[in-house]
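Undergrad: Following the hints, complete the assembly by docking chains B and C onto the known chain A.
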Amino acid sequence: MLTKFLDFFGWARSHSPWMVHYCSGCCSLEILALMGPRFDWERYGFLPVPSPRQADFIVITGLISRKVLPVLLMTYDQMPRPRYVFAIGACAFDGGPYYDSTSVVTNVPEILPPDVFVAGCPPTPEAILDGLLEMKKIIRERREARAEKEGTWREILKKELEKNPLLAKQPFFVGG
Amino acid sequence: MGFERLKKLMKTYFGVEAQEYPQNAVTKTYLFQIQPVHIREVAKLLKENGFNFFHTLSPVDYSPKGRGLELNYFFESIEEKIWVVIRTELPLDNPEIDSIHDIYPAAEACEREEWEKFGINFKGHPRLKPLLLDDTLQGKWVQRKAYVPEPHRD
Amino acid sequence: MYKGAQIITEPVGKEGDLMILNWGVQHPASGPMRIKVWLDGETIVKVENDPGYVTRNLEKLLEYRTWESAIVNVERICFIDDLGTLLNWALAVEKLAEIEVPKKVQYFRVILAEVGRIVSHLIGIGSMFGALGVATPMMWVLAIREYYLDFLEHYSGYRISTASIVPGGLKAEPTKEDFELLKKAIEETKKRWPEYKEVFKDNPTLVERYKGVGVIPKDLVFELGLRGPVARASGVDYDVRTRYPYSSYEDFDFNVIVKEEGDAYARFLVVLEEIEESVKIIEQALEGMPTEGKWKVRVPKKIKAGEAYSAVEWSRGSMDYHVISDGGTGPYRVKISAPSFMNIWALERIAPGHKLADLATIFASLYICHGDLDR
Chain A
1 MLTKFLDFFG WARSHSPWMV HYCSGCCSLE ILALMGPRFD WERYGFLPVP
51 SPRQADFIVI TGLISRKVLP VLLMTYDQMP RPRYVFAIGA CAFDGGPYYD
101 STSVVTNVPE ILPPDVFVAG CPPTPEAILD GLLEMKKIIR ERREARAEKE
151 GTWREILKKE LEKNPLLAKQ PFFVGG
Chain B
1001 MGFERLKKLM KTYFGVEAQE YPQNAVTKTY LFQIQPVHIR EVAKLLKENG
1051 FNFFHTLSPV DYSPKGRGLE LNYFFESIEE KIWVVIRTEL PLDNPEIDSI
1101 HDIYPAAEAC EREEWEKFGI NFKGHPRLKP LLLDDTLQGK WVQRKAYVPE
1151 PHRD
Chain C
2001 MYKGAQIITE PVGKEGDLMI LNWGVQHPAS GPMRIKVWLD GETIVKVEND
2051 PGYVTRNLEK LLEYRTWESA IVNVERICFI DDLGTLLNWA LAVEKLAEIE
2101 VPKKVQYFRV ILAEVGRIVS HLIGIGSMFG ALGVATPMMW VLAIREYYLD
2151 FLEHYSGYRI STASIVPGGL KAEPTKEDFE LLKKAIEETK KRWPEYKEVF
2201 KDNPTLVERY KGVGVIPKDL VFELGLRGPV ARASGVDYDV RTRYPYSSYE
2251 DFDFNVIVKE EGDAYARFLV VLEEIEESVK IIEQALEGMP TEGKWKVRVP
2301 KKIKAGEAYS AVEWSRGSMD YHVISDGGTG PYRVKISAPS FMNIWALERI
2351 APGHKLADLA TIFASLYICH GDLDR
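Residue numbers (the working numbering), protein chains in the order written: chain A, 1 to 176; chain B, 1001 to 1154; chain C, 2001 to 2375.
A few of these clues could be false.
No more than 30 angstroms apart at the CA atoms, straight line, and that leaves these computed lysine-lysine pairs for DSBU-like [as the list claims (entries may be wrong)]:
id, chain 1, residue 1, chain 2, residue 2
1, C, K2103, B, K1028
2, C, K2191, C, K2280
3, C, K2280, C, K2301
4, B, K1129, A, K163
5, B, K1140, B, K1065
6, C, K2183, B, K1081
7, B, K1028, C, K2190
8, C, K2176, C, K2191
9, C, K2036, B, K1129
10, C, K2171, C, K2301
11, B, K1129, B, K1047
12, C, K2259, B, K1081
13, A, K158, C, K2036
14, C, K2302, B, K1028
15, B, K1129, C, K2190
16, C, K2259, C, K2191
17, B, K1047, C, K2191
18, C, K2103, B, K1081
19, B, K1044, C, K2197
20, B, K1123, C, K2171
21, C, K2184, B, K1145
22, B, K1140, A, K163
23, C, K2280, C, K2183
24, C, K2046, C, K2176
25, C, K2259, B, K1028
26, C, K2302, B, K1065
27, C, K2103, C, K2355
28, B, K1145, C, K2104
29, C, K2176, C, K2294
30, B, K1081, C, K2218
31, C, K2171, C, K2183
32, A, K163, A, K149
33, C, K2190, C, K2171
34, B, K1140, C, K2036
35, B, K1140, B, K1081
36, C, K2190, C, K2103
37, B, K1123, C, K2296
Derived list of chain C stretches under chain B, where covered just means 3 residues or more per stretch with a C-beta under 8 angstroms from a C-beta of chain B [to be verified]:
id, region
38, 2214-2228
39, 2331-2338
Treat the hints as calculated values from the structure; they're not laboratory data. A quick note: this is a predicted structure, and the numbers were derived from the prediction, not measured. The beta-carbon is built from N, C-alpha and C at its ideal position, and this holds for glycine as well.
Okay, chain A solo, but in the shape it has when bound (with noise of 0.2 angstroms):
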């Protein structure tokens, strides 16, 4: 009885797939094609919002840069669960066009895995749209979050927590 229950859960947030409005790199242009009248990702219910606690995945959208990676992690962090992580581009998944650079993280699905991956430098809206409806049957069988279980990116959210601790101590700001 209760599975139904949380399947129904699982079958409505499916229709309505929030996301972050938070873009870290460059790829960004091409969700922002997404959200245009030609593709117009709001047919499958996708809309983003501007508040981390109303949002059901985040885009990792390609380049993540040594400073932006703490922002994303807390970002990620005040997210409600479920939460999904959406990676596209690249510089998501091993630095792309910046892999000898030293200010861009290299590494990030080892921090935060992502539960879909489109690759490209930068994918085109019709392949993010396909790895989108991935996503919606994700979140339609309630799997979990791969970066619940996986992922460095709780240590590395503690020890900048522990550099501010000013910042732990933020009314708005969970820790999980």
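TA: Chains B and C in isolation, oriented as in the chain A frame:
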């Protein structure tokens, strides 16, 4: 007019001649090679003679070639459509030069960036603090030739 | 091994009577950048920029690339208009190698650069409305943008990372279908633009929020070395295309949009009206396209030692490269002087005195791209 006067004054004050700088694809450009101690006086002279637009500051690390750091300041006179490059050289160990941020406020951000990337100490700059790079790269002077980026994992 | 990174080290809170607020990094209107704001009630007292959240250290990376493979990194300075940055790289390398490309190539490069400008300006207009929370104009401009991206995709194989302009010419020869797609894009623009422009220009929501806000006086343009639409909206007639023509821009007849007011609305109008001028240039280039000559001239693998400085009018202002060669297969040093890096410092001067809600509109009207701000 402005540039002719500048040429004369540069000759009398600092004893430097204007050299042609044909490498600039944009327009007619002249180059002055000066001593680093004179940068503030030269900047004031440029400003008085109509060179009111600061373009960029471009340091080059020539240490593998047996030279020090070369600083190129690019200025433009909006009325005359003439560019001037001020070139000066600094030693690589402890490079120091006066800041021109109060004469050309546009140079403030450029100087801050080059301090962060080359380790050039701009004396008198109000905020030489991290701008673009994260904490792990501070003090490594990433744009110098001695710094080699290596593949890394976090 | 994770060694740590710099993050928001100063906490939000109070400083005397002032409240400190972090505007960004995760804010829909800010993009990956933090702006630290000191507030007295609703009024902004002081603003401090904290860029660097998309830093890739491109200037260093370029030292490890060859002359041709550098285009991969050069065009990723900013994805919104990658064609202008590519064009500047080609000009700089050609200047170093002392190569002249045929007129035909120059004309097609002008077409590509103007397509890049249109694509960028369309997004700029959309995001200026987006800063107000108005989403419809963004949809309209994206609809037009897709036609130009169709052309780019058909020509180069990719929508926004085209890698189409290489030192010595073009990556590929444009075909008949390419030109047809471009003509279709222009046709669509001309069909829809008069109506859109009317709606955008006299939009009461926009006029109310943008007029008289964030005034940049003419002196400040010279003082801070501001470039592009920001400078032109303050009455400074500085456009590299007409001032120091490159790549055969002297052959085309177009107006440089200059406004005297210097407020956010003037910057919006400059961006809005430049699209029509770009369409004009593309039409002229298509008409007068020469037929003789090759599409690519050979560039030597090794370029003799020397230096070159080149500038193009990119969509956000003049983009300057200072390239130095030591006779090797790649650049010895590249200095990228980006317009957004200069323009962003105007925010610290003009934002104080405004209300916090105006920060989003002023920031959007400065027309910043974080990619070229951080490089």
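Undergrad: Confirm or reject each hint.
TA: Okay, the hints, checked on the actual structure:
A threshold of 30 angstroms between alpha carbons decides the hint, and for C/K2103 with B/K1028 the separation of about 23 angstroms falls inside it, so the pair holds. Note on C/K2191 and C/K2280: the hinted pairing holds, with a Cα-Cα distance of about 14 angstroms set against a maximum of 30 angstroms. At most 30 angstroms may separate the alpha-carbon atoms for a hinted pair to count; C/K2280 and C/K2301 exceed this at roughly 37 angstroms. In summary, the hint linking B/K1129 to A/K163 is supported, as the alpha carbons are separated by about 19 angstroms, within the 30 angstroms threshold.
The suggested pairing of B/K1140 with B/K1065 holds, with an alpha-carbon distance near 21 angstroms, which does not exceed 30 angstroms. Distance check on the hinted pair: C/K2183 and B/K1081 sit about 37 angstroms apart at the alpha-carbon level, beyond 30 angstroms; violated. The suggested pairing of B/K1028 with C/K2190 is violated, with an alpha-carbon distance near 39 angstroms, which exceeds 30 angstroms. Between the alpha carbons of C/K2176 and C/K2191 the distance comes to roughly 22 angstroms, so the proposed pair stays at or under 30 angstroms and holds.
At roughly 15 angstroms between alpha-carbon atoms, C/K2036 and B/K1129 fall within 30 angstroms of each other, so this suggested pair holds. For the given pair, C/K2171 sits about 16 angstroms from C/K2301 by alpha-carbon distance, which is consistent with the 30 angstroms threshold. Between the alpha carbons of B/K1129 and B/K1047 the distance comes to roughly 27 angstroms, so the proposed pair stays at or under 30 angstroms and holds. Among the hinted pairs, C/K2259 with B/K1081 is consistent with the structure: their alpha-carbon atoms are about 21 angstroms apart, no more than 30 angstroms.
The hinted pair formed by A/K158 and C/K2036 meets the criterion: a straight-line CA distance of about 24 angstroms does not exceed 30 angstroms. For the proposed pair C/K2302 and B/K1028, the alpha carbon gap of about 27 angstroms is at most 30 angstroms, so the pair holds. Restraint check for B/K1129 and C/K2190: the C-alpha separation of about 49 angstroms exceeds 30 angstroms, so the hint is violated. A threshold of 30 angstroms between alpha carbons decides the hint, and for C/K2259 with C/K2191 the separation of about 26 angstroms falls inside it, so the pair holds.
Restraint check for B/K1047 and C/K2191: not satisfied, since their Cα atoms lie roughly 49 angstroms apart, outside the 30 angstroms limit. The suggested pairing of C/K2103 with B/K1081 holds, with an alpha-carbon distance near 26 angstroms, which does not exceed 30 angstroms. For the proposed pair B/K1044 and C/K2197, the alpha carbon gap of about 46 angstroms is over 30 angstroms, so the pair is violated. Restraint check: the Cα-Cα separation between B/K1123 and C/K2171 comes to about 47 angstroms, which exceeds 30 angstroms; the hinted pair is violated.
A hinted pair counts as satisfied when its Cα atoms are at most 30 angstroms apart, and C/K2184 with B/K1145 does not qualify at roughly 49 angstroms. Of the supplied pair hints, the one linking B/K1140 and A/K163 holds, its CA atoms being roughly 21 angstroms apart against a limit of 30 angstroms. Taking the CA atoms of C/K2280 and C/K2183, the gap is near 12 angstroms; set against the 30 angstroms cutoff, the hint holds. Only pairs whose Cα atoms come within 30 angstroms are accepted, and C/K2046 paired with C/K2176 is rejected, the gap being roughly 55 angstroms.
With a C-alpha separation of about 28 angstroms, the suggested pair C/K2259 and B/K1028 falls inside the 30 angstroms cut-off, and the hint holds. A C-alpha spacing of about 18 angstroms is found between C/K2302 and B/K1065, which places the hinted pair at or below 30 angstroms, so the restraint holds. Among the hinted pairs, C/K2103 with C/K2355 is inconsistent with the structure: their alpha-carbon atoms are about 51 angstroms apart, more than 30 angstroms. Between the alpha carbons of B/K1145 and C/K2104 the distance comes to roughly 40 angstroms, so the proposed pair goes past 30 angstroms and is violated.
Annotation: proposed proximity of C/K2176 to C/K2294 holds, straight-line Cα distance about 16 angstroms (limit 30 angstroms). The hinted pair formed by B/K1081 and C/K2218 meets the criterion: a straight-line CA distance of about 18 angstroms does not exceed 30 angstroms. A threshold of 30 angstroms between alpha carbons decides the hint, and for C/K2171 with C/K2183 the separation of about 21 angstroms falls inside it, so the pair holds. For the given pair, A/K163 sits about 25 angstroms from A/K149 by alpha-carbon distance, which is consistent with the 30 angstroms threshold.
For the hint linking C/K2190 to C/K2171, the alpha-carbon distance of about 29 angstroms falls within 30 angstroms, and the restraint holds. For the hint linking B/K1140 to C/K2036, the alpha-carbon distance of about 26 angstroms falls within 30 angstroms, and the restraint holds. For the hint pairing B/K1140 with B/K1081, the CA-to-CA distance comes to about 39 angstroms; that exceeds 30 angstroms, so the pair is violated. Among the hinted pairs, C/K2190 with C/K2103 is consistent with the structure: their alpha-carbon atoms are about 27 angstroms apart, no more than 30 angstroms.
Distance hint between B/K1123 and C/K2296 is unfulfilled; the C-alpha atoms sit about 48 angstroms from each other, more than 30 angstroms. By the rule of at least three residues with a Cβ nearer than 8 angstroms to a Cβ of chain B, the coverage given for the region 2214-2228 of chain C holds, with 4 such residues. Under a criterion of three residues with beta carbons nearer than 8 angstroms to beta carbons of chain B, the stated coverage of the region 2331-2338 of chain C is upheld, 4 such residues being counted.
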